[in-house]
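Q: If you follow the hints, you should be able to join the two separate chains into one complex; please do so.
Protein sequences, first through last, are from chains A and B.
Here my numbering runs 1 ahead of the position in the first sequence, where the first position is 1.
Here my numbering runs 71 ahead of the position in the second sequence, where the first position is 1.
To be clear, the hints were calculated from the coordinates, so they are not data collected in a lab.
Yeah, the Cβ is synthetic: ideal placement off N, Cα and C, and Gly gets one too.
One thing to keep in mind: the hints can contain errors.
[Stated by the list, open to error] A partial selection of chain B residues facing chain A, derived with a Cβ cut-off under 7 Å: (1) Leu-98; (2) Ala-102; (3) Gln-112; (4) Leu-116; (5) Phe-126; (6) Gly-181.
[To be verified] Chain B residues, not near chain A, derived (Cβ > 12 Å throughout): (7) Gly-73; (8) Ser-78; (9) Arg-84; (10) Gly-87; (11) Ser-93; (12) Asn-97; (13) Glu-133; (14) Pro-146; (15) Thr-148; (16) Lys-154; (17) Asn-155; (18) Thr-157; (19) Leu-161; (20) Leu-187.
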Amino acid sequence: AQTVTQSQPEMSVQEAETVTLSCTYDTSESDYYLFWYKQPPSRQMILVIRQEAYKQQNATENRFSVNFQKAAKSFSLKISDSQLGDAAMYFCAYEAGAQKLVFGQGTRLTINP
Amino acid sequence: DGGITQSPKYLFRKEGQNVTLSCEQNLNHDAMYWYRQDPGQGLRLIYYSQIVNDFQKGDIAEGYSVSREKKESFPLTVTSAQKNPTAFYLCASLRNGGLLANQPQHFGDGTRLSIL
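Excised from the complex, chain B in its bound form (with noise of 0.2 Å):
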């Protein structure tokens, strides 16, 4: 079955340390997408990238990195400038043309970050 795969599931950083989640989807989906969701409330967009070897900030891209050289992955770093990465991290993919043709965005089950 296609789907989004995310991992790991849970991830522990240590001060001063980068850290990558891996978002791997067989949909053959464009678009990609990182999100960050804090206990209690909704989901913030980190990056996004709408093509291979293309990719956008979001509205809190501080703190982070991403690359898109294959259509399939999209990694998300949190480097050590993200003073509060402790949340859950979840990836998103989209057909382009997606949500005109009706089609939503598929979201993987997501990674919970947290501080040693």
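So here's chain A without its partners, still in its complex pose (with noise of 0.2 Å):
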């Protein structure tokens, strides 16, 4: 089954600096597509980015880019420029298929004025 793993359950940066979040996933596929969603206190779920697999060029959207390294199952998501809205949960997913997205436990990213 695949799984996505992020290890990192809180983080934290100071406004205006460069933040990093870890994610990999395990999966036999070759095509796929990875996601980054964000979920402020709100607790709606807002897109970020996404990745297709076959696509080398990695992603960027704005102040958001990942680092997919895709021989290391790894896709990693860099916020330039931290802003206080950013503070939030990101979600690391992989689609599994059938359009069925599978979620990594979530990292906590507090913003410090």
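A: In structure tokens:
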């Protein structure tokens, strides 16, 4: 079964600094999708960024970028110029076929002013 | 605006009681999903449906039941067989072929279920 592991339950960063959240996954598939979702205190799930496994280029969305290492099955999220509004739970997710998502345990990110 | 509506926002269940959580979407999405989230944990898939009148068990289906009689509706019943139902429940939807077409899952605002 596919699994997603986020080994950092909590992270903190100073405002305007850069932080990297880690994610590893386990799969025997060659084509798949990976996602980072943000869940603020409102509990809404907000898609931050997605990566298609067959694309070698790392995805980027404004201040958010990923470091996708397919051979190592690693998918980290880098947040540059951290802002107070970035404080949230961040979940890494893997698309496990049939358009189902498998989520990691989450990382709680705190931004220090 | 299109979206997913979950109701109620808060729900309380007595011992031995079945309760039903509502999920309605007006996005014309084919696929719908129910997830459970426990404190400090990620989302786990309970049930999903990719087409009307058809649904499949997810990873933690025991103690839950669903129906999909209409495209826009996917209610979740938490039965008395679910011994630890206290959690946050999220419903999501997706256009079929959506992930392949760069369309993400859309999520509702969730229902928090507690035991009285």
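Q: Taking the hints in turn, state whether each one holds.
A: Going through the hints against the structure:
Because the closest C-beta pair between Leu-98 of chain B and chain A is about 15 Å apart, greater than 7 Å, the hint is violated. With its C-beta approaching chain A no nearer than about 6 Å, Ala-102 of chain B sits inside the 7 Å limit, and its interface hint holds. Interface hint status for Gln-112 of chain B: upheld, as the beta-carbon distance to the closest one in chain A is roughly 6 Å, under 7 Å. Of the supplied interface hints, the one on Leu-116 of chain B holds, with its beta-carbon coming within about 6 Å of a beta-carbon of chain A, less than 7 Å.
Annotation: interface hint on Phe-126 of chain B violated; nearest CB of chain A at approximately 12 Å, more than 7 Å. About 5 Å separates the beta-carbon of Gly-181 of chain B from the nearest beta-carbon of chain A, less than 7 Å, and the hint is met. Residue-level check passed: Gly-73 of chain B sits 15 Å from the nearest beta carbon of chain A, beyond 12 Å. The beta carbon of Ser-78 of chain B is kept farther than 12 Å from every beta carbon of chain A, the shortest such distance being approximately 15 Å.
With 12 Å as the threshold on Cβ separation, the claim that Arg-84 of chain B sits away from chain A holds: the shortest Cβ distance comes to roughly 19 Å. Distance to chain A confirms Gly-87 of chain B as a non-interface residue, since its nearest Cβ pair spans about 28 Å, more than 12 Å. Listed as a non-interface residue, Ser-93 of chain B keeps its Cβ farther than 12 Å from every Cβ of chain A; the least gap is roughly 17 Å. At roughly 17 Å from the closest C-beta of chain A, the C-beta of Asn-97 of chain B stays outside 12 Å, upholding its exclusion from the interface.
With a least CB separation of 17 Å from chain A, Glu-133 of chain B remains clear of the 12 Å interface cut-off, as annotated. Against chain A, the non-interface label of Pro-146 of chain B holds: every CB pair exceeds 12 Å, the least being about 19 Å. Remark: the non-interface label on Thr-148 of chain B is consistent with the geometry, its nearest Cβ contact in chain A lying 21 Å away (cut-off 12 Å). For Lys-154 of chain B, the non-interface assignment is confirmed: its Cβ lies about 22 Å from the closest Cβ of chain A, beyond the 12 Å cut-off.
Against the 12 Å criterion, Asn-155 of chain B stays outside the reach of chain A, whose nearest CB is about 18 Å from its own CB. Consistency note on Thr-157 of chain B: stated as away from chain A, and its beta-carbon is indeed over 12 Å from all of that chain's, at 15 Å minimum. Residue placement check: Leu-161 of chain B does not keep its beta carbon more than 12 Å from all beta carbons of chain A (closest about 7 Å). At the 12 Å boundary, the C-beta of Leu-187 of chain B stays outside the reach of chain A, the nearest C-beta of that chain being 22 Å off.
Of the numbered hints listed earlier, those contradicted by the structure are 1, 5 and 19.
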